[in-house]
Amino acid sequence: MLKIYFTENENVYVKLEKYLSGLLPSPARILRNGNGKPYLEGDPLFFSISHSANKALIAICDKPVGADIEILADRNYKAVLSRFCADERKEIKNSHDFLKHWVVREAYIKMLGDTVWGKLKKLSFTDGTLFYCGKPVDCEFKNGRKDNVVYSICIAK
Numbered sequence: 001m002l003k004i005y006f007t008e009n010e011n012v013y014v015k016l017e018k019y020l021s022g023l024l025p026s027p028a029r030i031l032r033n034g035n036g037k038p039y040l041e042g043d044p045l046f047f048s049i050s051h052s053a054n055k056a057l058i059a060i061c062d063k064p065v066g067a068d069i070e071i072l073a074d075r076n077y078k079a080v081l082s083r084f085c086a087d088e089r090k091e092i093k094n095s096h097d098f099l100k101h102w103v104v105r106e107a108y109i110k111m112l113g114d115t116v117w118g119k120l121k122k123l124s125f126t127d128g129t130l131f132y133c134g135k136p137v138d139c140e141f142k143n144g145r146k147d148n149v150v151y152s153i154c155i156a157k
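Note that my numbering has the sequence shown beginning at 1, numbered continuously upward.
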């Protein structure tokens with residue numbers, strides 16, 4: 001089960017509680033892990049929230065999940081791109097391509113409950129597959145574009 005909600009970036013935790021109330025028999029307590037990732041006490045469901053400027057995405061799943069969105073805009077991504085592998089750099093021609101590669105990484109890291117800088121250098125995304133230390137990750141991804149945001153949702157298998 002995966003529920004995806006695109007919304008404005010205001011009162012997202014109030015919105016999350018509303019969405020959860022339709023899925024759980026009783027209110028769940030939201031806690032945070034050591035890296036700050038929020039989770040539900042007892043893990044009855046998993047969720048991930050991402051926001052960029054005035055847009056937000058809430059993903060709720062019955063498996064660990066991570067989500068990331070980014071507003072599509074022209075950016076100077078050259079400094080970060082230099083840290084990507086050569087095959088990836090060949091695939092990235094513009095800001096949209098860069099963001100597709102970026103949100104997949106962030107969604108995976110958020111699904112793990114880790115920090116971006118702890119894993120970023122070990123990740124690559126080529127030919128539609130995310131690799132960690134050169135091996136494909138064992139996750140399912142939902143990637144796309146909605147209006148002016150690029151998003152990725154990573155679900156543990």
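Honestly, the hints are just simulated from the structure, not real lab data.
Note that this is a predicted model, so its numbers are computed, not measured.
The beta-carbon is built from N, C-alpha and C at its ideal position, and this holds for glycine as well.
Take the hints with a grain of salt, since some may be wrong.
[Said to hold, decoys possible] In silico DSBU-like links for lysine-lysine, alpha-carbon gap of 30 Å or less: (1) Lys93 to Lys63; (2) Lys63 to Lys90; (3) Lys78 to Lys15; (4) Lys157 to Lys146; (5) Lys78 to Lys3; (6) Lys78 to Lys119; (7) Lys142 to Lys90; (8) Lys55 to Lys18; (9) Lys119 to Lys146; (10) Lys18 to Lys3; (11) Lys63 to Lys78; (12) Lys157 to Lys63; (13) Lys146 to Lys3; (14) Lys122 to Lys90; (15) Lys157 to Lys119; (16) Lys90 to Lys121; (17) Lys90 to Lys3; (18) Lys37 to Lys3; (19) Lys15 to Lys146.
[Claimed, not checked] If you anchor each label on the Cβ, the simulated ranges turn out as follows: (20) Gly34 to Lys93: 36 to 42 Å; (21) Gly34 to Lys122: 17 to 23 Å; (22) Asn35 to Lys157: 19 to 25 Å; (23) Ala53 to Pro136: 30 to 36 Å; (24) Arg83 to Glu140: 40 to 46 Å; (25) Ala53 to Val116: 16 to 22 Å; (26) Lys78 to Leu24: 33 to 39 Å; (27) Lys157 to Lys15: 24 to 30 Å; (28) Lys18 to Arg83: 35 to 41 Å; (29) Tyr19 to Ala86: 40 to 46 Å; (30) Lys122 to Lys157: 33 to 39 Å; (31) Arg145 to Tyr19: 31 to 37 Å; (32) Asp138 to Arg75: 16 to 22 Å.
Hints, one by one, checked against the model:
Taking the CA atoms of Lys93 and Lys63, the gap is near 34 Å; set against the 30 Å cutoff, the hint is violated. Only pairs whose Cα atoms come within 30 Å are accepted, and Lys63 paired with Lys90 is rejected, the gap being roughly 33 Å. Under the criterion of a C-alpha separation no larger than 30 Å, the hint pairing Lys78 with Lys15 is inconsistent with the structure, at around 36 Å. Straight-line distance between C-alpha atoms of Lys157 and Lys146 comes to about 25 Å, which keeps the hinted pair within the 30 Å bound.
For the hint pairing Lys78 with Lys3, the CA-to-CA distance comes to about 34 Å; that exceeds 30 Å, so the pair is violated. Taking the CA atoms of Lys78 and Lys119, the gap is near 20 Å; set against the 30 Å cutoff, the hint holds. A distance of roughly 23 Å separates the Cα atoms of Lys142 and Lys90; the hinted pair therefore holds under the 30 Å criterion. Between Lys55 and Lys18 the CA atoms are separated by roughly 18 Å; this keeps the pair inside 30 Å, and the hint holds.
For a cut-off of 30 Å, the pair hint linking Lys119 to Lys146 stands: about 27 Å separates their Cα positions. With a C-alpha separation of about 13 Å, the suggested pair Lys18 and Lys3 falls inside the 30 Å cut-off, and the hint holds. A C-alpha spacing of about 35 Å is found between Lys63 and Lys78, which places the hinted pair above 30 Å, so the restraint is violated. Between Lys157 and Lys63, the direct Cα distance comes to roughly 8 Å. Compliance with the 30 Å bound is thereby established for this hinted pair.
Of the supplied pair hints, the one linking Lys146 and Lys3 holds, its CA atoms being roughly 15 Å apart against a limit of 30 Å. At roughly 18 Å between alpha-carbon atoms, Lys122 and Lys90 fall within 30 Å of each other, so this suggested pair holds. As the CA atoms of Lys157 and Lys119 are separated by approximately 19 Å, the hinted pair is consistent with the 30 Å bound. Of the supplied pair hints, the one linking Lys90 and Lys121 holds, its CA atoms being roughly 17 Å apart against a limit of 30 Å.
Proposed proximity of Lys90 and Lys3 is contradicted: the alpha carbons are some 34 Å apart, above 30 Å. A hinted pair counts as satisfied when its Cα atoms are at most 30 Å apart, and Lys37 with Lys3 qualifies at roughly 19 Å. Only pairs whose Cα atoms come within 30 Å are accepted, and Lys15 paired with Lys146 is accepted, the gap being roughly 19 Å. A hinted range of 36 to 42 Å for the beta carbons of Gly34 and Lys93 is consistent with their spacing of about 38 Å.
Separated by about 20 Å at the C-beta atoms, Gly34 and Lys122 satisfy the suggested range of 17 to 23 Å. For the pair Asn35 and Lys157, the supplied restraint of 19 to 25 Å holds, since their beta-carbon distance comes to about 22 Å. The hinted window of 30 to 36 Å between Ala53 and Pro136 holds, with their beta carbons roughly 32 Å apart. At roughly 26 Å, the beta-carbon separation of Arg83 and Glu140 lies outside the given 40 to 46 Å, and the hint is violated.
Checking the proposed 16 to 22 Å range against Ala53 and Val116 shows it holds: the Cβ atoms sit about 19 Å from each other. Between Lys78 and Leu24 the Cβ separation comes to about 45 Å, which falls outside the hinted range of 33 to 39 Å. For the hinted restraint 24 to 30 Å between Lys157 and Lys15, the CB-CB distance of approximately 28 Å keeps it satisfied. Between Lys18 and Arg83 the Cβ separation comes to about 39 Å, which falls inside the hinted range of 35 to 41 Å.
One distance hint, 40 to 46 Å for the beta-carbon pair Tyr19 and Ala86, holds here, with the actual separation near 42 Å. A C-beta distance of roughly 19 Å is found between Lys122 and Lys157, which places it outside the suggested range of 33 to 39 Å. In this structure, Arg145 and Tyr19 break the distance hint of 31 to 37 Å, their C-beta atoms being roughly 22 Å apart. Take Asp138 and Arg75: their Cβ atoms lie about 31 Å apart, and the range 16 to 22 Å is violated.
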